[in-house]
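In order, the protein sequences belong to chains A and B. Mapped onto my numbering, the consecutive letters of the first sequence carry residue numbers 11 to 739. Mapped onto my numbering, the consecutive letters of the second sequence carry residue numbers 590 to 917.
Hints in this document: simulated from the structure, not taken from any laboratory. All of these numbers come straight from a predicted model, not from anything done at the bench. For each residue, glycine too, the CB sits at the ideal point set by N, CA and C. One should not assume that every hint holds.
Said to hold, decoys possible - Restraint-style ranges between C-beta atoms, simulated for each label pair: (1) A:P52 x B:R597: 28 to 36 Å; (2) B:R653 x A:K629: 55 to 63 Å; (3) A:A735 x B:K627: 48 to 56 Å; (4) A:K629 x B:G646: 43 to 51 Å; (5) B:H599 x A:R242: 56 to 64 Å.
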Amino acid sequence: MSVHVKQDKPATDNRLDTMRQGVIGKPVSRIEGLAKVTGTAPYAAEYPVEGCVEGVLVTATITRGTIVRIDAESALAMPGVIAVIDDERLTTRPAQGTANEAPQQKPRTICYWGQPIALVVAESFEQARDAARHLVVEYKPDEAAPVEADPSIAEEQEDETVREGNLDKAMSDAAFAVDVTYTTKGHASAAMEPHAAIAQWDGERLTVHASLQMLNYNITELSDALDLPEDRIRLISRYVGGGFGSKLGISEEAVAASIAAMQLERPVRVVMSRQQVFQSIMRRSETTQRLRLACDADGRLTGFGHEALVSNLPGEEFAEPVLQSSHFLYPGEHRELVLKLARIHRMTAGSVRAPGEAVGMPTLEAAMDVLAERAGIDPVELRLRNIPDKDPEQGLPFSSHKLAECLRQGAEAFGWDSAPRRPRLRREGEWWIGTGMASAARVHNVAEARARVTLKADGTALVETDMTDIGTGTYTIVAQIAGEMLGLRPDQVLVDLGDSNHPRGPGSGGSWGAPSIGSAVYVACMAIREALADTLGIDETALVLADAKAGNGTPLTELLGGKDLVREGHYEPGKITDDYLASGFGAFFAEVRVNHYTGETRVNRMLGAFGFGRVLNAKTARSQCLGGITWSIGMALTEALEFDPRDGHLVNRDLAEYHVPVHRDVPDLDVVLVEERDAAASIIQAKGIGELGMCGGAAAIANAIYNACGARVFDYPMTPDRVLAAMPD
Amino acid sequence: MRPFQYQRAHSISDASAIAALPEAMLIAGGTNLLDMMKLQVATPSQLGDIGRIGLDGIQDTSDRGLRIGALATNTATAVHPRVRADYPVLARAILAGATQQLRNKATTGGNLCQRTRCYYFMNVDQPCNKRDPGSGCGAIGGVNKLHAVLGTSDQCIATYPGDMAVALTALGAKVVIAKSDGAERTVPVRDFHLLPGDTPWRDNVLDQGELIVAVTLPPPVAATQLYRKVRERSSYAFALVSIAAVIAIDDGKFARADLAFGGLAHKPWHDPRIGELLVGAAPSPALYDQAADLLLEGAEGHGDNDFKIPLARRTLHAVLAEAVEKAA
Ligand SMILES: Cc1cc2nc3c(=O)[nH]c(=O)nc-3n(C[C@H](O)[C@H](O)[C@H](O)COP(=O)(O)OP(=O)(O)OC[C@H]3O[C@@H](n4cnc5c(N)ncnc54)[C@H](O)[C@@H]3O)c2cc1C
Ligand code: SF4
Numbered sequence: 011m012s013v014h015v016k017q018d019k020p021a022t023d024n025r026l027d028t029m030r031q032g033v034i035g036k037p038v039s040r041i042e043g044l045a046k047v048t049g050t051a052p053y054a055a056e057y058p059v060e061g062c063v064e065g066v067l068v069t070a071t072i073t074r075g076t077i078v079r080i081d082a083e084s085a086l087a088m089p090g091v092i093a094v095i096d097d098e099r100l101t102t103r104p105a106q107g108t109a110n111e112a113p114q115q116k117p118r119t120i121c122y123w124g125q126p127i128a129l130v131v132a133e134s135f136e137q138a139r140d141a142a143r144h145l146v147v148e149y150k151p152d153e154a155a156p157v158e159a160d161p162s163i164a165e166e167q168e169d170e171t172v173r174e175g176n177l178d179k180a181m182s183d184a185a186f187a188v189d190v191t192y193t194t195k196g197h198a199s200a201a202m203e204p205h206a207a208i209a210q211w212d213g214e215r216l217t218v219h220a221s222l223q224m225l226n227y228n229i230t231e232l233s234d235a236l237d238l239p240e241d242r243i244r245l246i247s248r249y250v251g252g253g254f255g256s257k258l259g260i261s262e263e264a265v266a267a268s269i270a271a272m273q274l275e276r277p278v279r280v281v282m283s284r285q286q287v288f289q290s291i292m293r294r295s296e297t298t299q300r301l302r303l304a305c306d307a308d309g310r311l312t313g314f315g316h317e318a319l320v321s322n323l324p325g326e327e328f329a330e331p332v333l334q335s336s337h338f339l340y341p342g343e344h345r346e347l348v349l350k351l352a353r354i355h356r357m358t359a360g361s362v363r364a365p366g367e368a369v370g371m372p373t374l375e376a377a378m379d380v381l382a383e384r385a386g387i388d389p390v391e392l393r394l395r396n397i398p399d400k401d402p403e404q405g406l407p408f409s410s411h412k413l414a415e416c417l418r419q420g421a422e423a424f425g426w427d428s429a430p431r432r433p434r435l436r437r438e439g440e441w442w443i444g445t446g447m448a449s450a451a452r453v454h455n456v457a458e459a460r461a462r463v464t465l466k467a468d469g470t471a472l473v474e475t476d477m478t479d480i481g482t483g484t485y486t487i488v489a490q491i492a493g494e495m496l497g498l499r500p501d502q503v504l505v506d507l508g509d510s511n512h513p514r515g516p517g518s519g520g521s522w523g524a525p526s527i528g529s530a531v532y533v534a535c536m537a538i539r540e541a542l543a544d545t546l547g548i549d550e551t552a553l554v555l556a557d558a559k560a561g562n563g564t565p566l567t568e569l570l571g572g573k574d575l576v577r578e579g580h581y582e583p584g585k586i587t588d589d590y591l592a593s594g595f596g597a598f599f600a601e602v603r604v605n606h607y608t609g610e611t612r613v614n615r616m617l618g619a620f621g622f623g624r625v626l627n628a629k630t631a632r633s634q635c636l637g638g639i640t641w642s643i644g645m646a647l648t649e650a651l652e653f654d655p656r657d658g659h660l661v662n663r664d665l666a667e668y669h670v671p672v673h674r675d676v677p678d679l680d681v682v683l684v685e686e687r688d689a690a691a692s693i694i695q696a697k698g699i700g701e702l703g704m705c706g707g708a709a710a711i712a713n714a715i716y717n718a719c720g721a722r723v724f725d726y727p728m729t730p731d732r733v734l735a736a737m738p739d
Numbered sequence: 590m591r592p593f594q595y596q597r598a599h600s601i602s603d604a605s606a607i608a609a610l611p612e613a614m615l616i617a618g619g620t621n622l623l624d625m626m627k628l629q630v631a632t633p634s635q636l637g638d639i640g641r642i643g644l645d646g647i648q649d650t651s652d653r654g655l656r657i658g659a660l661a662t663n664t665a666t667a668v669h670p671r672v673r674a675d676y677p678v679l680a681r682a683i684l685a686g687a688t689q690q691l692r693n694k695a696t697t698g699g700n701l702c703q704r705t706r707c708y709y710f711m712n713v714d715q716p717c718n719k720r721d722p723g724s725g726c727g728a729i730g731g732v733n734k735l736h737a738v739l740g741t742s743d744q745c746i747a748t749y750p751g752d753m754a755v756a757l758t759a760l761g762a763k764v765v766i767a768k769s770d771g772a773e774r775t776v777p778v779r780d781f782h783l784l785p786g787d788t789p790w791r792d793n794v795l796d797q798g799e800l801i802v803a804v805t806l807p808p809p810v811a812a813t814q815l816y817r818k819v820r821e822r823s824s825y826a827f828a829l830v831s832i833a834a835v836i837a838i839d840d841g842k843f844a845r846a847d848l849a850f851g852g853l854a855h856k857p858w859h860d861p862r863i864g865e866l867l868v869g870a871a872p873s874p875a876l877y878d879q880a881a882d883l884l885l886e887g888a889e890g891h892g893d894n895d896f897k898i899p900l901a902r903r904t905l906h907a908v909l910a911e912a913v914e915k916a917a
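Okay, chain B solo, but in the shape it has when bound:
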């Protein structure tokens, strides 16, 4: 760990001010950041602790949606009665992640901003364009079982590892961001994370000095909600592939099909064409195959992760079949 200045923020503006300092980072639950600091994957010289700025509430919004504070713990969100009743895919996704101990500390904002689990990113003695721009990508030509098959670049093939954001993507949630000038801006979760492109060091749209204050969920819809996470061991493992599904069936046809995918890309993957294909069509394995074709158009394996392509297809079949059965 490198020496750093620690400051506790007491308000959003405090936090913004600290975040705007050079080499500054914010710390919430610390479950991701502290590990990275110990390994010197992250080396902030200023650390702003936002643990007590009071953004841990979960409130109804005027349109019967829900606003989840950036500092609400993953546990608090997952057990919240409205989340359980109206957004069960979110509760399920959170509970499929990490462990109870980690979820008790982990926060909404931290979870959205958690960094990739790419082995080379986590090893400061290996090349990584995300950690050390221009040093190369160790995972290309290396061990890349965890890595992305969609939306990669020749600079970086990392995945965004989280579960919660996959559910938020399917639900059409939005991220509320406080800008450094005190104003707010709102970005759909779908657009929050970036593809690696030529700037693999950028995970998301946050600019220096910005922080997440909340996530808002749209009003609930009548639908079956599922979260499926495929993993090697049954707990305490990141997703090989995950799918969040919000599905409604009417008159034997899909009336709603909001799907998001984890483990496949540098962001929770959402392809609007899939919903368009499904809605209005009658469920069938042939249809699911077409949906998978759309999803996996342009998918490219890098050796160890080739399996994710057929796995995503099969998992999509399983999830759609299960959702249709439950929705009927």
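If we strip away everything but chain A, and leave its shape as in the complex, we get:
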């Protein structure tokens, strides 16, 4: 039986708080943690499949053009080679998140350097790799293949454009104004597990073990790419070794493995090399951003301008949504927000770790620091004076708004000094020490989701959905929600995720996983509670379930009378998404040291205070924030994709040269969880968490660099060369 709830109104009853098991919100350790750290949790490529042969993708070595000829014989003549898959259905890019259709196919048309063009299949991986390298491909290159964004021919993204009032006039009338331009470099998701798939075809049905974030969309994308009905496909992604956006859409290796398995009637495994993951999956677009802020003598914003230039391949709709939170974070009657997209021939730009705010917030919040300095107002105070009481553009109420609390509690916990600020007040040996802060904001998303919950006759529960756990804690919070609702310990709830045979969840992406799947599980459990209440002849609201017993002491097993109770929960966000503006908010505080001689910057300590609705698990929530802050450090100081200026190929294609922060770069981090219930965010009063931790944090570091040594850097990441170039004598 399926129960459908469309949420049109805030869920103010906060039912989860009235339950008695007492596990919701608790810092329960990850259920699958032990399996993962002991190496017994199989990742996509690790399933033992008898007779499996190995495929290696061949990638283009020109930027733009067509393939005239693929000389299959050149590879087939090599030892162990079984086939060269040169098929029109091969995909040349990953699908964008939620695309729900096949991405660009026709691999003989080349749009970027490193684009997959064929698959070589051999008995062993080494043979396939060698043959892939030696496959002879004849190209006809196109003359023009621009690889750098040209603002003069960029397309304005009309949906994103807001022009209200007269910003130029507001700027010239302002008591204080800032007009600054920042750049940010491209980023890679840099998940540990490379993209990998094993496809098996039994003549009728295709089974694919893959590393994917959103099976509910991926199955449709794969079906579309292969022209094979969805009901003949099964996708399995039980464990995903990190996605960070790069596994939102079906990717090239899964489609290639499927085509090969169907053609050869043998299981085929395709694992991308680290270099292929870097150059053939997603990049976050580089950006150029102009910020214009105007305020009155009290620091209240009167004008707000944020213009951004981003890039993508021809044919891609995705434009890094840089302005996402800029639309509502601060007031300013005179507004100009413009997003422009340039078409260039670098690899696909798509969702990478908090698309939009990850790069939009650090520039905005760095500009706010410049404004605070000009206006002589403490940076925390400047933000507090600029919290709008409703969405400044559409006039919508906020579903909840914890920015002020986060700023105050964060400042308190960090020991923020609100004395007048000046750079270069503290030096220890070669190091200048300084502090900085920034606001955090990330739009909250919630999506339609289904989950099936079975309360088993033996008094345990089973939850099934195709939802994935990409290392974030989904298994655990699902067990906690079901446990809380049904009166069970989390270890009495078996959570079965990542199988497309199960009811369709929301997928893991955009931080919407927990509120969405949590709501579906809640709906299913509510229906089970109603059935149990019926059996007892009481109203559901009077039903108490704890420790596998009803309130009157009757064990669940007895209540169930030897039968399983099965309900499918179907949650759908309704009018709440139109009636409210929902966002997570927070504040970052950082202390850094900057070496006077070398320009090296290291973070001494950093704190984030966040308000994102109900905390479902204090430990996994905190871990998400720690991860986000770590990415903030990467964004601020080290991470940059470097592209060749001539052919646009990605130059730093491995983890040795693409610098994510290492342990030594990440000091003890502090997280303050500002508890709240957001009734309009989801039926379980929870919002998205994961991405918020990196939406603005880099600016706290940038602002601290300035406070430490007086170097105002306008380019992220703030590597030693850039800090030195801006360093006063």
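Starting from the structure of chain A, add chain B with the ligands where the hints point.
Relative to chain A, chain B with the ligands alone:
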């Protein structure tokens, strides 16, 4: 990876014999070579494994110097009591490199022979004169943040990426090489690596069939020893600029100033004029500037790496100031 013949060498002469075969390479810890073989940057048809030829000892020499076997791991060298006591710049340089896991496998010989991290060298679908002579240099006019500002040629602007050899250069160490005929020859580390010139494919003076058997260190000197490595992240990154310094002060003047520089050239950079300038002079920022002038005479940036020129100057100031403070 291309198919290859694998042989385990059991003695130095075994190793020499394998190394003399056409398209042969030796493998020690494999931390550099295996990566390159997977990418087909290196395509040996013969692979001679020298992991068990027993050159992993670290012994005192008769003149109270130290002999570090070619197969001693970087970890073993860095934690060796005599290295820590008498050659701390070497321990520091090793520990500033790579990661603990890599250092546990990496060896003295392999570390000296590690190849450049130039992005174009590592990408077989891009031009590179070092990997594929005559194909051009992708880094010139491309992304060259890691690249050299000293001693480059129009054929190649790569850097030697290692840390250990920079310290060995400052210490005046020597490389002991077994020739293919069984005889030994000894080359100062300072002369071991080559500038790219017209033969960018040659990193060092080893001829086909030769192998490194040891590195020897001269007797210790009373001096302050520092290794400074400037890098974007604080671990697991190659040097933008690094400096090894062996400094002694006597009577308010430099009595010893042996300096070597990493990240600037195709080899650990050593300019004897710098030591000559400093020794006998009283420390001062003006003097450090003169030293930097000598170091950077003829330095040339290639775009992304222009910053290395001022960075090297500033880092030299920092290192000399720190050494003088510690030595005093
Ligand atoms: C991600 C990463 C980061 C790193 N970071 C740093 C760093 O910051 N600083 C740093 O200094 N290094 C760094 N390294 C490099 C590391 O130090 C080298 O890979 C290592 O020292 C090589 O030693 P090996 O024994 O593993 O050499 P191998 O990989 O076995 O061999 C390397 C080369 O040396 C040759 N060779 C080995 N032994 C001999 C011998 N006895 N005689 C002649 N030729 C020989 C081989 O034929 C081969 O060409 C890093 C490496 C990696 C992978
Ligand atoms: S700098 Fe040297 S190693 Fe790099 S591409 Fe040029 S020739 Fe090759």
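Verification of the supplied hints:
Our hint of 28 to 36 Å for P52 of chain A and R597 of chain B holds, since their Cβ atoms are close to 34 Å apart. About 56 Å separates the C-beta atoms of R653 of chain B and K629 of chain A, a value consistent with the hinted range of 55 to 63 Å. Separation of A735 of chain A from K627 of chain B is about 37 Å and departs from the stated range, judged on CB atoms against 48 to 56 Å. Against the hinted window of 43 to 51 Å, the Cβ-Cβ separation of K629 of chain A and G646 of chain B comes to about 49 Å, which satisfies the hint.
Hint check: H599 of chain B to R242 of chain A, Cβ distance near 58 Å, so the stated range 56 to 64 Å holds.
Of the numbered hints listed earlier, the single one contradicted by the structure is hint 3.
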